[in-house]
Structure formats: C-alpha cells, structure tokens
Amino acid sequence: MSNLNDSELSLLLRTETENKDYRVLIVANKFYAKLFLALNEEPFNWVELGIGELDEQTRDELRSFVRHKKLFMISTTEQDLSFIKPKNGEEQLVERITILNDWIKISKSITTGRNGEVKAETRFKVACAAAWRCQFEGCGEDLRQHLTPSMSGNYGYFAHIVASSKEGPRGNEQSEALADDPNNIMLLCDKCHRLIDRIAPNEYDAEILRTMLERNIQEVNRLLNCLKMPDVEMVVIGGSIEGQGFRFDSRVAEEAMWLRKIKSTKPTEFFLNSTLYFSASNNSNYWANAFELLKSTDIPKLKSFLRGTGRNGELKPLAIFPLHGTSILILSGRLIGDSSSIHLFQFHRQQTEGKGKQWAWPDNVQEPSPDKFKIQTLKDNSQMCSEAILMINLTAKIPINEIPHRFLDQNGLKLPTIELSIDTCNINAISHPKDLELLGIAIDNVYQQIQDKWRITTVHLFVVAPTTACMRIGQKMQARHQADFIIYERKPSVNGIRGNFEPTIKISSTKVTSLSNNEQLDIY
Numbered sequence: 002m003s004n005l006n007d008s009e010l011s012l013l014l015r016t017e018t019e020n021k022d023y024r025v026l027i028v029a030n031k032f033y034a035k036l037f038l039a040l041n042e043e044p045f046n047w048v049e050l051g052i053g054e055l056d057e058q059t060r061d062e063l064r065s066f067v068r069h070k071k072l073f074m075i076s077t078t079e080q081d082l083s084f085i086k087p088k089n090g091e092e093q094l095v096e097r098i099t100i101l102n103d104w105i106k107i108s109k110s111i112t113t114g115r116n117g118e119v120k121a122e123t124r125f126k127v128a129c130a131a132a133w134r135c136q137f138e139g140c141g142e143d144l145r146q147h148l149t150p151s152m153s154g155n156y157g158y159f160a161h162i163v164a165s166s167k168e169g170p171r172g173n174e175q176s177e178a179l180a181d182d183p184n185n186i187m188l189l190c191d192k193c194h195r196l197i198d199r200i201a202p203n204e205y206d207a208e209i210l211r212t213m214l215e216r217n218i219q220e221v222n223r224l225l226n227c228l229k230m231p232d233v234e235m236v237v238i239g240g241s242i243e244g245q246g247f248r249f250d251s252r253v254a255e256e257a258m259w260l261r262k263i264k265s266t267k268p269t270e271f272f273l274n275s276t277l278y279f280s281a282s283n284n285s286n287y288w289a290n291a292f293e294l295l296k297s298t299d300i301p302k303l304k305s306f307l308r309g310t311g312r313n314g315e316l317k318p319l320a321i322f323p324l325h326g327t328s329i330l331i332l333s334g335r336l337i338g339d340s341s342s343i344h345l346f347q348f349h350r351q352q353t354e355g356k357g358k359q360w361a362w363p364d365n366v367q368e369p370s371p372d373k374f375k376i377q378t379l380k381d382n383s384q385m386c387s388e389a390i391l392m393i394n395l396t397a398k399i400p401i402n403e404i405p406h407r408f409l410d411q412n413g414l415k416l417p418t419i420e421l422s423i424d425t426c427n428i429n430a431i432s433h434p435k436d437l438e439l440l441g442i443a444i445d446n447v448y449q450q451i452q453d454k455w456r457i458t459t460v461h462l463f464v465v466a467p468t469t470a471c472m473r474i475g476q477k478m479q480a481r482h483q484a485d486f487i488i489y490e491r492k493p494s495v496n497g498i499r500g501n502f503e504p505t506i507k508i509s510s511t512k513v514t515s516l517s518n519n520e521q522l523d524i525y
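Residues 2 to 525 (the numbering used here) are what the sequence shown spells out, left to right.
Treat the hints with care, since some could be wrong.
[Stated by the list, open to error] Here are the simulated DSBU-like cross-link-like pairs (lysine-lysine), alpha carbons at most 30 Å apart as the crow flies:
1) Lys-358 to Lys-229
2) Lys-477 to Lys-398
3) Lys-507 to Lys-304
4) Lys-477 to Lys-415
5) Lys-21 to Lys-86
6) Lys-167 to Lys-86
7) Lys-356 to Lys-380
8) Lys-356 to Lys-262
9) Lys-262 to Lys-415
10) Lys-21 to Lys-71
11) Lys-398 to Lys-415
12) Lys-415 to Lys-435
13) Lys-356 to Lys-317
I should point out that these hints are in silico values taken from the structure, not numbers from a laboratory.
Put together the whole structure using the sequences plus the hints.
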C-alpha cells in the first residue's frame, strides 16, 4: 500500500464510501494516520483503506461521519503504522470535529518545527550547505524566495532527521540533544517535508535521511566547485631562437588561460630558458648548455610535476606555452608524453589585440575538416630499408633538393619517405583547438606506417611547423618499441642564402643524444 498525501487520501475516502454505509476508523500516532473501513455490522471487520497524511481535506471528508456517529479513532505510540491492525473494543467514538482539529494542530507542531527550536545561525548554516535548495534526493527545488534574509520565520523548511520530540517521526532518546544540530537537519521544500514526516515517515528512517543528506552536501560541493576554474601548472618552454631574443608576458598568458577556463595560482615555471646562453640550435655550445640545464634541473623538475611530487605533491594539468627551437620542442613533447593532462597554447604572432593576444585562439577560424592533414608516401619501402625520412611540412614546404645530399641520388630520394602536410602551408596552420587533435591522429597514423608496417629503426625527421605541432610530434613518440628519431634543423642563413639541414639530436626510447658531441641523457 502506497502512502498518500492529504489530497489523495481524501479522494480515496470519498470514492470508496460514496453511497455506502461505512464506518471509518482512524489509527494515528502523533504525526500520521491510517484509515480503515467497516460495514455497520458488529463486531466490526476493519479493512485497510489508506495510510498517510491526515490534514484539512481528509478532515472535511470525515465531517459527515462525525455527524452520523460513524467515525472512530485509536491513538497509538507506534511510529510505523504500516502493519498495525486494530483490535475490536479499542476504538473510541469521535464525537466532535474539534478532536480532529486538535490532532492536526499537534501533528503540525511536531513535524513542522517551532521558532526558536532551531537557532537562526543553525538554519543559515544548513541552508548554505544545501545551496538554498531542497535536499531531498532528486528534488532540488530552489527555496531562496521562501527564506528570509534574517532566517526568522523559516523554520517550516527545516526538517529534523531525528525528530526534536520523542513523539515525532524518528524520535528517540537523543531528540532534545539533536534539535539544534545542523548535522540532524535537512532543508526541504513543503512537499518533501510532508512526505518524510506526515505522508510516509515509515519509509524514511534516520539512516536513509542521513545518507541522503551526506550525498546532497557532497553533490552540492562538487557542483559548486565546477564554478572554480581548474588550477594548472603554468610552464613556459621558451628561449632564444637562432639568436632572436625571447620575452614572455605572463599577464597576457593568464588572460589566454582564463579564456580556456583554467588558471594558475603558482609562479610560472620556465624550462630550457636559453636567453642568456644559447645561440644557434646546431651550435655545439647550444646543446652543451641545453643538456646541462636538462640534467641539472629541468628534467627532474618536469618529472616531479608529471608524477605529482612537486609543489606539495599536487598532481595538476600543465598549461604549456612553447616558444623555442624545433628540436627543443620535439624533445619537450617527448619528455611530457601523450598520457599527461596538458593544455597547449599556440603563439599567433600577428594577433596583437584582444584578451590573451598572441596566446589566444583566433575568434574567426572555422573548425577544420577531418582530412585537413594529408599523408603522402613520396617513396615506398619496397627495398625493406631500416631507415626512412619523415617530412612534416605545415608552415612551409621543404624542397626535396634541400635535404642533405646523402639522402638523394640521380633519381631523387634514396630512402623511403613520408610527408605529412596540408593543402596550403602557412604560419596559421594551427589556429583552432581541433587542429591539434587532428594532427595527433595524423601523426599516430604516420608512426604506425613507419614502425609497424615498414619496421623502420631510424627516422630522419625534418619539421617545419608551428610550436604546438612540434610538441605534438614529440608527445606521440612512444616510450617503448619506437624507432630512433634523428631531428634536423637548418643552419642560419648567410648573405641571404638559406643554410643546409644538419642533424641536432637523436631521440631513442630511453635516451637523447647530442649529435655535435655525442653527449647522452636518460629520458625514461
């Protein structure tokens, strides 16, 4: 039998007794009631009608039974009326409707609460924990319009888990002590308050309501924390690029992070900040200084962030601002890996206005098509070579005749070669967040072709691409079962003549090697 509210119980009573000669019995404790019907024959054979809230509508339906002396009542101290059965001879005739009025008044005083019973500061604390919404599971009604700023007169919305009276729903010996305990009080709308106290108190014991309260507070806190921007580690991989100075405006970078709904509360971390020491990337001093920085501070510090052992052991996503040479960025991506939670920020040199300026995604760029990044096999591995060339041309296209001559013969390319490119190479090749996602997929496909199908052990890598693309290339290099990648960069131009491509570093599954002096660093 389902518990009914006052309206439902009154309707059921009217429907079942209309044009019938019934007597009605009320079995009630101090807060809810159960109705029985019986024909006029004695002894009465009482049959259950309904259980739930007895209030003004049901009372009005019972008036005629009072007038005709056909309404009886049994008072009980049992808190759960679900299985109670009346015994003949216990019933008392209800001679006046005021008897029901008095019972309803007492019921409301027990279940609704009284001003002063719960202090204003306690009510405020409960309402704050509930975010001013009904805490009954699945309800969440906004109660702000019902709660006054002073919290006076709001006691009807505060429901006790253990009743404030021993005679109330879920009342016990601790009732008085728990009456003003915020951990024993729920903020409920009128409908849900009546449900747990006057309609179906038998279905909502203290344990069920405590669990409901705990879950509600946890969920409210979780949802409110969603308003807080996630905290990230702000990492700048920046340095002098072929002698050009490097400057980083942290205020502009913070604006760009804000646009992505993230923030950093800690000082900016700089990796391979080469401004004072480095010059050209194919200069031996460049890599000597870079390796010293990596070995002494940068790799240990980066690993501590990735493993959550740095800065009080907090494992946070990384916000990466890359503005460095190609080889450094590819190596940085390899060190960070593809499984780490990172946000990459592309530098848009020509975007000088708006929040985030150069570090923000341009507003007027459409989402790229899924086939933006094209993979073309320039020379197949028909000879089953162990070496191959990978050319990633995004900002510009490298002419085949400009790669080192040892890779060419009179027929063109000597080694199997794959090119990853776009229809029109330009400096804005990475201008939309989707670009990085699609590029990652394309790089995965290229690496699969080179390593799984061709079984290549050494890849000669030529890259002309935006900074974040270089990071993605490095991220996608697997830590295990990967080929060795030898990265090439151009020497600086002399008298307007572009320099040749020369190898800078070799990245293997466990080490990075400077090809100018054969110095090695562990990177696993």
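Structure-based check of all given hints:
no.	hint	verdict
1	Lys-358 to Lys-229	holds (23 Å)
2	Lys-477 to Lys-398	holds (22 Å)
3	Lys-507 to Lys-304	holds (21 Å)
4	Lys-477 to Lys-415	holds (26 Å)
5	Lys-21 to Lys-86	holds (23 Å)
6	Lys-167 to Lys-86	holds (23 Å)
7	Lys-356 to Lys-380	violated (46 Å)
8	Lys-356 to Lys-262	holds (13 Å)
9	Lys-262 to Lys-415	violated (49 Å)
10	Lys-21 to Lys-71	holds (12 Å)
11	Lys-398 to Lys-415	holds (19 Å)
12	Lys-415 to Lys-435	violated (35 Å)
13	Lys-356 to Lys-317	holds (24 Å)
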